[in-house]
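There are 2 protein chains.
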Amino acid sequence: MRESELIAEICKHNAELAACGGAEVLVPPGDDMALVKLAGRRVLVAADQVIAGRHFALGTAMDLVARKALARNISDIAAMAGVPACAVATVALPASMPDHEVRALSDGLRAAALMFQCPVVGGDIGTHAAADGALVVSVSVLAEPGPTGRVVTRSGARVGDLLCVTGTLGDGWHPNGSGRHLSFTPRVAEALALVEALGDRLHAMIDISDGLARDAGHLAIASDVAVRIDAVQLPCADGAGWQAAVSTGEDYELAFACSGEPPASVAGTPVTVVGRFQESGGARVAVRVGTEEHDVSALGWEHGQ
Amino acid sequence: MRESELIAEICKHNAELAACGGAEVLVPPGDDMALVKLAGRRVLVAADQVIAGRHFALGTAMDLVARKALARNISDIAAMAGVPACAVATVALPASMPDHEVRALSDGLRAAALMFQCPVVGGDIGTHAAADGALVVSVSVLAEPGPTGRVVTRSGARVGDLLCVTGTLGDGWHPNGSGRHLSFTPRVAEALALVEALGDRLHAMIDISDGLARDAGHLAIASDVAVRIDAVQLPCADGAGWQAAVSTGEDYELAFACSGEPPASVAGTPVTVVGRFQESGGARVAVRVGTEEHDVSALGWEHGQ
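Protein chains in written order, with my numbering: chain A, 1 to 305; chain B, 1001 to 1305.
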């Protein structure tokens, strides 16, 4: 079962959430974060993990593993235009991991928390039964809406909206495990600046973790509009062609839908118009390359596979 | 490195938290949950995990694994006298896990969420690179203070306080993997009833996950008082002697310090006085058996070992 299928299955049961008691759920599972009401205030919450051999290559330095574990959660906060509040983390260690590596992981989490202004306030450390059990670092984050109070979901894109991205695409994850996924800075400031600059013209947003094709598809599905990407407009990273730019995972840039032109840059990061939402009632993602059009709905990146 | 050592090391850096930005941290790492201020309101947050072969035996039914993963977090909420609000979860699956087992795990999380009135509002599902990678279920929970607003920490026990426990002790975890740890009901209602009944006489509380000796020790260390347990008073589960009652992990009862007598029962669960906090400036846990006294500070249960 693919992760996306399972998540779709879980989301079918969203109606149960209301009957569950506990916090009122304003944005249910299926977006980058859930939005819940706690003591009358809106709080964003999400969880994500990194698994050795899957999200980072064996042998990756522990400070980079820790940084990535926190950073990809912070990227989800950016996608909702939230402001980081705090994090909790659990770590499942290989039984053979030497103390100095455990300490490097712990120090790395602290350093990342300082960098991203998101204190790690609790968690749990456990050890696998097996000496070679895969390191799993799971991080959950809490966030607040930004100064305007606006929370941006995946579901507001409309026919005629522009599809835009921040930064460059296509060098997030290299097959050898290197790439920007270990060193990126989540686009929190950029997201807040977009809310500020675009106001109600900003309709939907997501962070690009699965590749633009798939993540634009998430916007398209949630908003029930089809989208066409223009290959020549893609801000490809050095050495990346259009295929890499739409299918490489873990770029951790923002993709968003807006009506009218976006600013040329936000918080020092370039913004590029790369396509347009074109018709309602579909969830197709196409890329126009010269006179040809490629359906890329099935392209992209799924860690769970 | 033992988990407790690493946590002690992490707590040394608590002063950094304030400099980190993000949410104000009112109760830092080292208690059952952290208490943070979000949008002016107090929110409790914690994370805990279960690892195959460590927290549950291989072959355990997936609905029980899911239940335990959520329940032990809810038990942390009880320890602080909080009310469950919502949860997020990440799951690292063995690559070989069949779809029906994945579905059973997901259904089990939903069922547990309903039972504990704590909706699972988000998360992530990933797959190990290895076919036999150990299943890791990591759950984070948010909670609110109860109706009185009171949050109970580990650090308020005073000389002369009674040490009390709910329910019975010693049958949480059997060496074959069976035991109450798969089926317990977290003592949320009991904790709220204790706050109600005892008011300011309730000084400190913890849930018994590491065995009473170790968890009473956590109260003693956090409060800087020594505690003596009376073996004949221990509410031993069927077949458990005093040693099992103080050293078996995962009973998930509450242990608390109060001045004056506690109620005989709360929310239908018996309460037993099992000892007394006796002198300040120490963190010793002793058990009196007849005329002998055993130092049990080093006894108890550490999953991470």
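Where hints are given, some of them may not hold.
Quick look at which bits of chain A chain B covers, simulated, 3 or more residues with Cβ under 8 Å [what the hints assert, rightly or not]:
1) 50–61
2) 107–117
3) 150–157
4) 202–208
5) 215–221
6) 264–275
Over the 12 Å line for every Cβ pair with chain B, so calculated as not near, a few chain A residues [to be verified]:
7) V91
8) S138
9) S178
10) A231
11) Q243
12) G290
13) T291
Pulled a few chain A residues facing chain B out of the computed Cβ check, cut under 7 Å [claimed, not checked]:
14) T90
15) V121
16) V136
Think of the hints as simulated: they come from the structure by calculation, not from any bench.
The C-beta atom is built at its ideal place from N, Cα and C for all residues, glycine as well.
We went through each hint and held it up to the structure:
Note: the stretch 50–61 of chain A has 5 residues with beta-carbon separation from chain B under 8 Å; the three-residue rule is met and the coverage holds. Residues of the stretch 107–117 of chain A with a Cβ under 8 Å from some Cβ of chain B number 4, which satisfies the need for three, so the listed coverage holds. Counting residues of the stretch 150–157 of chain A whose beta carbon lies closer than 8 Å to any beta carbon of chain B gives 0, which falls below the threshold of three, so the coverage claim is violated. Coverage of the stretch 202–208 of chain A by chain B is violated in this model, with 0 residues showing a Cβ closer than 8 Å to a Cβ of that chain against a need of three.
Note: the stretch 215–221 of chain A has 0 residues with beta-carbon separation from chain B under 8 Å; the three-residue rule is not met and the coverage is violated. Counting residues of the stretch 264–275 of chain A whose beta carbon lies closer than 8 Å to any beta carbon of chain B gives 0, which falls short of the minimum of three for the stated coverage. Separation of V91(A) from chain B is inadequate, the least Cβ-Cβ distance of about 8 Å not exceeding the 12 Å criterion. With a cut of 12 Å on Cβ distances, S138(A) falls inside the contact zone with chain B, its closest approach being about 4 Å.
The beta carbon of S178(A) sits about 17 Å from the closest Cβ of chain B, which is more than 12 Å, so the claim that it is off the interface holds. No beta-carbon of chain B comes within 12 Å of the beta-carbon of A231(A); the shortest separation is about 31 Å. Non-interface status of Q243(A) relative to chain B is upheld: no Cβ of that chain comes within 12 Å, the nearest being about 25 Å off. G290(A), annotated as away from the interface, keeps every beta carbon of chain B farther than 12 Å; the closest lies near 38 Å.
For T291(A), the condition that its CB be more than 12 Å from all CB atoms of chain B holds, with the nearest at approximately 40 Å. Annotation: interface hint on T90(A) holds; nearest CB of chain B at approximately 4 Å, less than 7 Å. The interface hint given for V121(A) is met, as the beta carbon of that residue sits about 4 Å from the closest beta carbon of chain B, less than 7 Å. A hinted interface residue such as V136(A) counts as satisfied when its beta carbon comes closer than 7 Å to some beta carbon of chain B; here the least separation is about 5 Å, so the hint holds.
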